[in-house]
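Trainee: Spelled out from the first residue to the last, the chains are:
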Amino acid sequence: MTLAINILLWLVVGVLAVIAATRGRVLLDDGVRTGVMEFILLLPRIGIGVVGSGFVAEALPNAWIAPWLGPESGLLGVAIATLGGALTPGGPVVGFSIGAAALKSGAGAPQVIAYSTAWALYAIHRLVIWEVPMMPARVVWLRALVSLPLPFLAAALAMLLGRP
Amino acid sequence: MEKPPCGGQIPTALLRGRSHQPLSGGSRGTPSPSLRSYRRRNAGSTGTRQTIRFESTSVRGTLTKPPPQRRRRRAFDWSTAIIAALASAAAATVYARDGRQHFLEVLVGDLSLFGEMLPKVLAGCLIGAFVTLLLPREMVARWVGHESGFTGLLIAAFFGFLLPGGPITIYPVAGAFLVMGADAGAVVAFIVSWTLIGYTRALVWELPFFGADFVIWRMVAAIPLPIIAGLLARIAVRAGFQYRDEIK
Numbered sequence: 001m002t003l004a005i006n007i008l009l010w011l012v013v014g015v016l017a018v019i020a021a022t023r024g025r026v027l028l029d030d031g032v033r034t035g036v037m038e039f040i041l042l043l044p045r046i047g048i049g050v051v052g053s054g055f056v057a058e059a060l061p062n063a064w065i066a067p068w069l070g071p072e073s074g075l076l077g078v079a080i081a082t083l084g085g086a087l088t089p090g091g092p093v094v095g096f097s098i099g100a101a102a103l104k105s106g107a108g109a110p111q112v113i114a115y116s117t118a119w120a121l122y123a124i125h126r127l128v129i130w131e132v133p134m135m136p137a138r139v140v141w142l143r144a145l146v147s148l149p150l151p152f153l154a155a156a157l158a159m160l161l162g163r164p
Numbered sequence: 001m002e003k004p005p006c007g008g009q010i011p012t013a014l015l016r017g018r019s020h021q022p023l024s025g026g027s028r029g030t031p032s033p034s035l036r037s038y039r040r041r042n043a044g045s046t047g048t049r050q051t052i053r054f055e056s057t058s059v060r061g062t063l064t065k066p067p068p069q070r071r072r073r074r075a076f077d078w079s080t081a082i083i084a085a086l087a088s089a090a091a092a093t094v095y096a097r098d099g100r101q102h103f104l105e106v107l108v109g110d111l112s113l114f115g116e117m118l119p120k121v122l123a124g125c126l127i128g129a130f131v132t133l134l135l136p137r138e139m140v141a142r143w144v145g146h147e148s149g150f151t152g153l154l155i156a157a158f159f160g161f162l163l164p165g166g167p168i169t170i171y172p173v174a175g176a177f178l179v180m181g182a183d184a185g186a187v188v189a190f191i192v193s194w195t196l197i198g199y200t201r202a203l204v205w206e207l208p209f210f211g212a213d214f215v216i217w218r219m220v221a222a223i224p225l226p227i228i229a230g231l232l233a234r235i236a237v238r239a240g241f242q243y244r245d246e247i248k
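Same order as they appear, the protein sequences are chains A and B. Here the numbering used here is used: position 106 in the first sequence is 106, and no number is missing along the way. Here the numbering used here is used: position 22 in the second sequence is 22, and no number is missing along the way.
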């Protein structure tokens, strides 16, 4: 599975690189340089987040997480996770670290999906810092409003689909 | 503060109709050695003259206002610092409570998950960088702006999946859709799609934390959501939610 994904992704990279190369060597060089630079700069942040969430999950006693967010917590767990996602400040390192730590320490997968969906869609700090300054405010509120049910739908659809 | 994952392009490129501008050359203060040759090579295709015409002054204001100054990207920031402090405390707890053996097991397990994902993260960064260079954003805005109905929602959601970049590049593009004539439903579908099924975000951020199976599962389950959000937005607008007066 993971090998197939790698092959597919690198095929896409290859095709894009060939297209860029036909438009000019400079474009190819620019693409490669930018991509590699981004990768190098992101590495420490992702590394700290991944290893850190592992330790946080290990340090937390399972007994704390499971009753609230465990697979048995059902709709209430999804609701708690959604609220938590909306209130989580910070960038992707924070959101994904918390989600991963919760998953490893006994939270149910649909609850974690609800958490990361809510965090991605309407974390309050993001609306205020990013979206409102760049978009007409009423469109932002409309988007946040119609996004309210989406974490619940995401959790429900994920359960329907069944974990691979 | 959230940084664009990969392929971040400063939105002024869109506004100037210059689509092949190197990604962050401008904000890093490094002069692009190649801009002239891009223009020459792509004089026919990029449409340096296809500048977006802004009918409205208010949206124009929000779009042409210089974007929040993007600082030189660092490998470290406050969010990461907080997580690092938490992680150190948790690691010390595990070491003291469970002993060295278990500490090392956890560390090796997480590092190997991280290492396994690295080739995918690198591929995600490269795909993001190339798509940003190859896909003129004003063309995207035209496509989305001129399509309506259900097709409009599908196209908006598709471009949300396709366009790389972070909030600083995505929201101005979404704002441009409105100016080009797209309705709120399409804009909502685009942003929700970028947020939930955008591949750069998933590859670069989500994959190292959750592993491939989980991320694919979550993304497949999320595929209908942008369309549902777009339809809900249209229902809200039909029910009387006003948003046009801010644009016109």
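Read the hints as simulated data drawn from the structure, not as lab findings. Among the hints, a few may not be true.
Part of the chain A face toward chain B, derived, beta carbon under 8 angstroms [unchecked claim]:
{"id": "1", "residue": "T2"}
{"id": "2", "residue": "L3"}
{"id": "3", "residue": "G99"}
Each residue gets a CB set at the ideal place from its N, CA and C atoms; glycine is no exception.
Trainee: May I ask you to test the interface hint for T2 of chain A with respect to chain B, counting a Cβ-Cβ separation under 8 angstroms as satisfied?
Mentor: holds, 5 angstroms
Trainee: Hint validation: G99 of chain A versus chain B, beta carbon distance must be below 8 angstroms. Holds or violated?
Mentor: holds, 7 angstroms
Trainee: Regarding the hint that L3 of chain A lies at the interface with chain B, is the smallest CB-CB distance below 8 angstroms?
Mentor: violated, 10 angstroms
Hint compliance for this structure: hint 2 alone is broken.
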